[in-house]
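Colleague: Last residue of the sequence shown: 359 (my numbering), numbering continuous.
Read the hints as simulated data drawn from the structure, not as lab findings.
Any given hint could be a false lead.
Stated by the list, open to error - Distance windows between CB atoms, simulated:
| no. | residue 1 | residue 2 | range |
| --- | --- | --- | --- |
| 1 | Arg194 | Asp311 | 52 to 58 Å |
| 2 | Asn138 | Ala355 | 35 to 41 Å |
| 3 | Thr258 | Asp314 | 48 to 54 Å |
Claimed, not checked - Calculated cross-link-like contacts (lysine-lysine; reagent style DSS-like; alpha-carbon spacing at most 30 Å):
| no. | residue 1 | residue 2 |
| --- | --- | --- |
| 4 | Lys224 | Lys209 |
| 5 | Lys237 | Lys354 |
| 6 | Lys224 | Lys310 |
| 7 | Lys320 | Lys177 |
| 8 | Lys310 | Lys340 |
| 9 | Lys224 | Lys177 |
| 10 | Lys310 | Lys339 |
| 11 | Lys340 | Lys320 |
| 12 | Lys338 | Lys310 |
| 13 | Lys338 | Lys354 |
| 14 | Lys322 | Lys339 |
| 15 | Lys338 | Lys237 |
| 16 | Lys338 | Lys177 |
| 17 | Lys322 | Lys168 |
| 18 | Lys354 | Lys340 |
| 19 | Lys177 | Lys322 |
| 20 | Lys287 | Lys310 |
| 21 | Lys320 | Lys287 |
| 22 | Lys177 | Lys209 |
| 23 | Lys287 | Lys237 |
| 24 | Lys214 | Lys177 |
Computed from a predicted model, the values in this text were never measured in an experiment.
Backbone N, C-alpha and C fix where the C-beta goes; we use that ideal spot for every residue, glycine too.
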Amino acid sequence: MKATHAAIHFGLAAVLLSSMSAAVTVHSENITANLGNRTVDVEMSVGDFSGEEFTYTTSYTVESIAGSQVGGLEDACTARQLNQGSEIACPVATENFSADMRFRADGLAEQSKGRSVFNYSKSFVRITERFRLEVVLPRGEGLVPSNSSFSPVKPESGKRRSVDGRRFKVVWSQQPEFGEDKSFSAVYEPLSERPDRTAWIVTGAALATLIILGAYLYYRLHRGSRAEDEFKSLTEDQQEVVRMIARRDGSMLQKDVVDETDYSKAKVSNIVSGLEEQDAVTKKKQGRSNMLELNRNLKALEIE
C-alpha cells in the first residue's frame with residue numbers, strides 16, 4: 056500500500072513539473088475599467104501558448120464583446136457566463152501573440168450606504184510577469200476621504216491620479232506570484248455630496264494655480280537636464296520607440312510603431328508597458344490601437 060501511495064505521489068509530482076515547464080507566460084496584462092460607461096479594455100502579451108483556443112476568465116459579467124483582436128484574428132472571440140463571472144474564448148494559431156479585447160460589463164461596482172464600491176478579483180493561474188489595473192471613476196465622482204482606520208483604496212499601493220480635474224482614477228502595478236489570488240477595491244461617491252466642498256474647491260483651485268505656476272517656472276529652468284537624464288535611463292529599445300514618437304511631434308499610434316519597426320506586436324507592447332510604468336509615455340485608446348504620447352520632459356528634448 057505504501058508503495059502504491061508513493062507511486063501516486065511521484066506521478067502527480069511529475070505531471071505538475073511537466074505542466075509548469077510547458078506553462079503559458081503572460082508577459083504583460085493591462086486592464087482599464089471605465090466605470091462611467093461600464094467598459095473594460097484588456098491588453099495582453101502572451102508567450103509559450105500551446106493549444107488552439109485561448110481563454111480569459113473575469114470576475115464580472117461580460118454582457119457583450121465590443122471588439123477583439125487576438126493573435127491577428129479580429130472579432131473571433133465569444134463569451135459564456137459562469138456561476139461567477141464570464142469566460143472569453145478566442146481561437147489562436149500561434150504560440151506567441153498579443154490580445155486586445157474590449158467588453159461591456161455588468162457588476163463592476165455595487166451600492167453600499169450611499170457609496171459605490173468597485174471590486175475586482177483575479178487568480179493568477181498563468182505565470183504573469185507584469186500586471187496593471189487602471190480604474191477610471193465616473194465623471195463628477197471621487198474617492199471617499201480616508202482616515203486612520205479606513206482607506207478607500209485597497210491594496211493601498213494603488214496610485215490616485217486626476218484625469219481632467221473632474222475625473223479620477225486609481226492605478227495598481229504589480230508583479231504577482233504564480234497561483235496568487237488578488238483583490239482590488241475602490242470606494243467612491245459623488246463629489247457634490249461632500250460637505251463644505253465649495254470652499255475647499257476654491258481654495259484648492261487657488262493653491263493648484265500657484266503650484267502649477269511654480270512647477271512651470273521650475274520646469275522651464277530645469278527641464279533640459281532632467282529630460283536628458285530621463286532619456287539616458289531608458290533601454291535601447293525604449294529609446295528607439297521614444298525617438299520615433301518624438302519625430303511625430305510627440306504622439307503616435309502604437310500600431311504605427313509596429314509597422315515602422317522590425318519589432319513584433321508583443322515586443323512593442325512590452326516596450327510600451329515599460330515606458331508607461333516609468334511615466335515616459337501615456338497611452339489612450341483610439342479605435343483598435345493606442346495613441347502614445349511622450350511626457351512633457353521628453354517632448355521638450357531635442358532627440359536626434
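Colleague: What are the numbers of the hints that this structure violates, sorted from low to high?
Modeller: Going through the list in order, the structure violates hints 1, 2, 5, 17 and 23 and respects the others.
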